[in-house]
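First to last, the sequence lines map onto chains U and W.
FYI, the numbering used here numbers position 238 of the first sequence as 238, with every residue one higher than the one before it.
If you want the numbering used here, it's the 1-based position in the second sequence plus 316.
It is worth saying that the hints were derived from the structure and are not from the lab.
Please read all numbers here as calculations on a predicted model, not as lab measurements.
Yeah, the Cβ is synthetic: ideal placement off N, Cα and C, and Gly gets one too.
Treat the hints with care, since some could be wrong.
Computed Cβ-Cβ distance ranges for the label pairs, DEER-style [claimed, not checked]: (1) LYS201(U) x GLN490(W): 30 to 40 Å; (2) PRO274(U) x LEU375(W): 53 to 63 Å; (3) SER411(W) x SER95(U): 38 to 48 Å; (4) GLY470(W) x ASP94(U): 54 to 64 Å; (5) LYS201(U) x GLU504(W): 28 to 38 Å.
Covered stretches of chain U (chain W as the covering partner; in silico rule of three or more C-beta atoms under 8 Å from a C-beta of chain W) [stated by the list, open to error]: (6) 85-95; (7) 123-129; (8) 208-221.
Derived contacts from chain U toward chain W, CB cut-off under 10 Å, selection only [claimed, not checked]: (9) ILE44; (10) THR45; (11) HIS54; (12) THR195; (13) THR290; (14) GLU291; (15) SER293.
Protein chains: 2
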Amino acid sequence: MHDEFAKIGWLKARFELDGDSKKVVVGIGDDAAVIDFGNRPTIITVDTQVEGVHFRPDLISCRDLGYRAMVAAVSDIWAMAATPSASVVALTLDSDFPDEQFRELIEGLAEAARKTGAQVVGGNLSQGSSLSVTTTVFGLPIGKSVTRNGARPGDSVYVTGTLGSAALGLAILQTSESELAHAASFVERWRRPPTHGHVAKAMAALATAAVDVSDGCLQDLTHVCAASGVGATLHADAIPTAPGYETTCKVLDIDPIALALTGGEDYELIFTAPKCPEAAALGTKIGVVTEGSVVRVVDQAGEAIALDQTGFRHFS
Amino acid sequence: MHDEFAKIGWLKARFELDGDSKKVVVGIGDDAAVIDFGNRPTIITVDTQVEGVHFRPDLISCRDLGYRAMVAAVSDIWAMAATPSASVVALTLDSDFPDEQFRELIEGLAEAARKTGAQVVGGNLSQGSSLSVTTTVFGLPIGKSVTRNGARPGDSVYVTGTLGSAALGLAILQTSESELAHAASFVERWRRPPTHGHVAKAMAALATAAVDVSDGCLQDLTHVCAASGVGATLHADAIPTAPGYETTCKVLDIDPIALALTGGEDYELIFTAPKCPEAAALGTKIGVVTEGSVVRVVDQAGEAIALDQTGFRHFS
């Protein structure tokens with residue numbers, strides 16, 4: 001069971017054994033849980049960023065780390081078509097963690113909380129040998145919660161923004177190549193994920209399923225398809241990428257399509273919806289939902305493309 | 317600022333700057349936050365247990381660790397006189413953490429969730445070099461939320477159960493003394509904190525302030541007094557301890573009163589209330605709330621006792 005998803009499957013089954021299904025509207029296995037505390041559903045999600053696993057402290061400032069941790073957690077609230085409302089933050093810090101860096105970390109969290117609406121209302125400080133930030137975010141549904149299991153054959157697959165930029169930014173930070181045009185914009189894109197409050201609001205009215213891109217587009221879409229009992233076909237030439245993306249990938253000898261489809265941490269939103277102008281206004285149509293269970297990527301000629309990566313997976 | 321409480325004070329001020337005070341009924345600095353999501357208050361608290369800081373893996377099984385992490389977090393919900401309703405758990409595990417131990421950890425969390433009512437509805441798995449468990453718990457108020465700031469001069473100070481047993485249990489685990497009578501009961505008391513659902517319900521009707529004993533009775537009561545703008549006098553001879561406690565302390569050359577008042581992780585509840593039989597039925601009266609701001613401990617003759625420890629404090 002050295003696999004995150006196998007563990008989650010087991011956890012889901014284990015905790016459902018004891019559950020009161022009445023109050024759990026959406027349980028383990030979606031972007032966030034939806035709980036009815038007796039009046040109105042509350043959306044809850046939690047995300048942890050660990051030093052050395054999710055970030056290298058030499059590649060990101062404490063301020064950006066705080067900002068990023070908050071937005072990454074809030075991203076799951078948006079992916080449910082909900083509005084972030086509050087958050088609690090649990091920090092683990094080394095005992096000699098510098099005050100100045102602590103303040104910067106908090107400033108980054110506060111900046112993102114302000115920008116997203118996920119006001120920090122509580123938290124916990126613990127000592128520990130490695131820095132980690134665990135952010136629990138609460139949200140309120142705008143309309144119905146958009147889960148992962150509602151995609152239907154014939155729906156279009158949309159993605160917000162561009163794909164691959166965050167992974168490319170991280171690759172740039174880890175390379176010795178200097179003199180890269182556009183480098184700063186990709187690095188910034190990795191350090192500061194985008195916010196999607198307006199998309200979440202619009203999705204509530206039109207999306208059949210949604211997920212945020214944290215592990216990589218293909219892998220996250222595969223979760224949606226598995227939950228919905230459908231397949232999908234993605235068109236490689238429709239994948240939106242940022243200006244300078246292909247050129248920079250070439251300099252670094254990276255396959256641009258593979259990185260866009262499997263690179264993690266984009267924190268864009270993928271959603272499925274019947275094809276319509278309102279959906280097209282939110283993002284780029286990259287494919288269609290199909291019968292079956294296979295998620296495949298095709299080129300302009302309709303030929304299947306094999307990709308050599310399957311995204312970022314812990315415990316793999 | 318190498319002090320947990322200084323950091324928390326700064327955090328409180330920092331996050332309140334950006335806050336929407338309308339929705340935050342109780343903010344940073346109490347046992348838990350109380351948020352009004354637009355209908356009914358929800359109580360939220362988060363707690364982290366880190367390997368090597370809060371537990372040594374050689375001293376506690378994974379099952380007990382899970383149980384303990386959940387009850388320690390839920391304890392803050394009870395201390396607000398609320399009912400645990402749901403929880404989310406973020407785990408950080410080494411990549412080669414054994415499956416069998418993972419299952420045991422989850423079984424312990426599930427057992428405590430079942431016992432306390434804090435059904436696990438979501439979570440997060442992360443890789444990390446040291447094991448940590450971050451538990452966010454949600455509760456619903458029973459009547460009014462009992463915060464730390466309502467203690468009034470003349471109130472009595474009550475504590476549930478007994479004090480010092482958990483700290484003694486940990487001391488026993490760390491000593492080379494064998495042949496200790498009662499040893500197993502103290503160790504068990506450290507590994508498996510008590511549950512207080514019934515006390516929380518009763519407190520809602522009569523307590524003026526409450527806190528759970530995590531850092532040590534004196535220190536936690538000092539938080540209540542500071543928040544309430546009062547002092548307190550505790551009677552050393554009134555402190556409730558378990559059978560065999562004094563004898564065992566003597567064998568280990570530990571001051572039993574100092575340990576009972578400053579040893580952490582009891583997870584008993586301290587509350588203040590006008591003296592009444594209903595309060596006395598929930599716990600032992602250990603002192604009174606006074607004017608001023610000093611918290612002192614006196615002996616039978618009314619003489620102040622100096623204690624050489626001030627409880628468990630991270631970052632100290």
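The hints, checked one at a time:
| no. | hint | verdict |
| --- | --- | --- |
| 1 | LYS201(U) x GLN490(W): 30 to 40 Å | violated, 55 Å |
| 2 | PRO274(U) x LEU375(W): 53 to 63 Å | holds, 58 Å |
| 3 | SER411(W) x SER95(U): 38 to 48 Å | violated, 25 Å |
| 4 | GLY470(W) x ASP94(U): 54 to 64 Å | violated, 45 Å |
| 5 | LYS201(U) x GLU504(W): 28 to 38 Å | violated, 52 Å |
| 6 | 85-95 | holds (count 8) |
| 7 | 123-129 | holds (count 7) |
| 8 | 208-221 | violated (count 0) |
| 9 | ILE44 | holds, 6 Å |
| 10 | THR45 | holds, 7 Å |
| 11 | HIS54 | holds, 7 Å |
| 12 | THR195 | violated, 16 Å |
| 13 | THR290 | violated, 30 Å |
| 14 | GLU291 | violated, 31 Å |
| 15 | SER293 | violated, 24 Å |
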